[in-house]
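S.K.: Listed below, chain by chain, are the residues.
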Amino acid sequence: DGGITQSPKYLFRKEGQNVTLSCEQNLNHDAMYWYRQDPGQGLRLIYYSQIVNDFQKGDIAEGYSVSREKKESFPLTVTSAQKNPTAFYLCASSHDRAGANVLTFGAGSRLTVL
Amino acid sequence: SQQGEEDPQALSIQEGENATMNCSYKTSINNLQWYRQNSGRGLVHLILIRSNEREKHSGRLRVTLDTSKKSSSLLITASRAADTASYFCATDAGDYKLSFGAGTTVTVRA
Numbered sequence: 001d002g003g004i005t006q007s008p009k010y011l012f013r014k015e016g017q018n019v020t021l022s023c024e025q026n027l028n029h030d031a032m033y034w035y036r037q038d039p040g041q042g043l044r045l046i047y048y049s050q051i052v053n054d055f056q057k058g059d060i061a062e063g064y065s066v067s068r069e070k071k072e073s074f075p076l077t078v079t080s081a082q083k084n085p086t087a088f089y090l091c092a093s094s095h096d097r098a099g100a101n102v103l104t105f106g107a108g109s110r111l112t113v114l
Numbered sequence: 001s002q003q004g005e006e007d008p009q010a011l012s013i014q015e016g017e018n019a020t021m022n023c024s025y026k027t028s029i030n031n032l033q034w035y036r037q038n039s040g041r042g043l044v045h046l047i048l049i050r051s052n053e054r055e056k057h058s059g060r061l062r063v064t065l066d067t068s069k070k071s072s073s074l075l076i077t078a079s080r081a082a083d084t085a086s087y088f089c090a091t092d093a094g095d096y097k098l099s100f101g102a103g104t105t106v107t108v109r110a
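Protein chains in written order, with the working numbering: chain R, 1 to 114; chain V, 1 to 110.
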């Protein structure tokens with residue numbers, strides 16, 4: 001089955017630690033995204049990548065870093081510089097559907113800072 | 001930046017009733033999409049309407065788009081318990097970045 005796999009599903013971090021969230025897709029999609037979701041709020045874009053070895057900052061990139069070394073993988077590192085990292089993180093990939101960008105999401109990773 | 005704003009924030013209906021939610025946005029778009037999110041899960045794409053379309057149907061879903069008012073509505077007919085979820089509109093301005101609203105939480109009572 002094609003899809004997006006995010007891991008871990010739950011993650012606990014002590015303040016001052018960096019953590020990396022994994023995102024793997026086997027959909028052969030070119031573009032991949034990371035969104036952050038806080039309770040009762042919509043999704044805010046952290047980073048996105050349209051092709052391998054290239055990525056752009058979204059609206060809330062501060063305190064986060066990404067890499068895109070392979071088409072299938074787009075890991076997100078939440079650094080100690082992120083002031084309020086506790087949130088639900090969603091990875092997505094997209095394909096062009098006749099000029100429209102439609103997203104397929106993973107199941108999410110919930111990060112809690114202790 | 002979050003462009004879409006959904007209204008209402010929450011909606012509670014009886015099974016079999018229709019549910020209507022609205023989305024307003026601020027800038028020009030190529031298309032507008034609706035997604036569903038079950039509690040604690042990822043989002044699932046429901047339907048897409050392009051800027052040159054006014055209405056679209058998919059099963060029990062009906063979407064309208066009024067570009068002059070920069071607004072869209074999603075209607076779910078004959079609701080079921082399984083429709084309980086949060087619904088998000090997302091605007092696509094053609095720049096590879098979808099902007100999501102805060103969502104409408106729909107509860108369908110048995």
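Warning: the hint list may mix true and false statements.
Covered stretches of chain R, going by a simulated chain V footprint (3 or more residues, C-beta under 8 Å) [claimed, not checked]:
no.	segment
1	40 to 52
2	65 to 78
3	104 to 111
Below, a list of computed lysine-lysine pairs in the DSS-like style, where the Cα atoms sit at most 27 Å apart [as the list claims (entries may be wrong)]:
no.	chain 1	residue 1	chain 2	residue 2
4	V	LYS69	V	LYS56
5	R	LYS9	R	LYS57
6	V	LYS97	R	LYS57
7	R	LYS57	R	LYS14
8	V	LYS97	V	LYS69
9	V	LYS97	R	LYS9
10	V	LYS70	R	LYS71
11	V	LYS69	R	LYS70
12	R	LYS70	R	LYS9
13	V	LYS70	V	LYS26
14	V	LYS70	V	LYS97
15	V	LYS69	R	LYS83
16	R	LYS83	R	LYS57
17	R	LYS71	R	LYS14
18	R	LYS57	R	LYS71
19	V	LYS26	V	LYS97
20	V	LYS69	R	LYS57
21	V	LYS56	V	LYS97
Calculated Cβ distances over 12 Å to all of chain R for the following chain V residues [claimed, not checked]:
no.	residue
22	ASN18
23	ALA81
24	GLY94
25	LYS97
26	GLY101
27	THR105
No lab work stands behind these hints: they were computed from the structure. Here the structure is a predicted model, which is why all the values come from computation and not from measurement. Cβ atoms here follow ideal geometry from the backbone N, Cα and C, with glycine treated the same way.
S.K.: Checking against the hints above, which ones are violated?
M.R.: 2, 10, 11, 15, 17, 20, 24, 25, 26, 27
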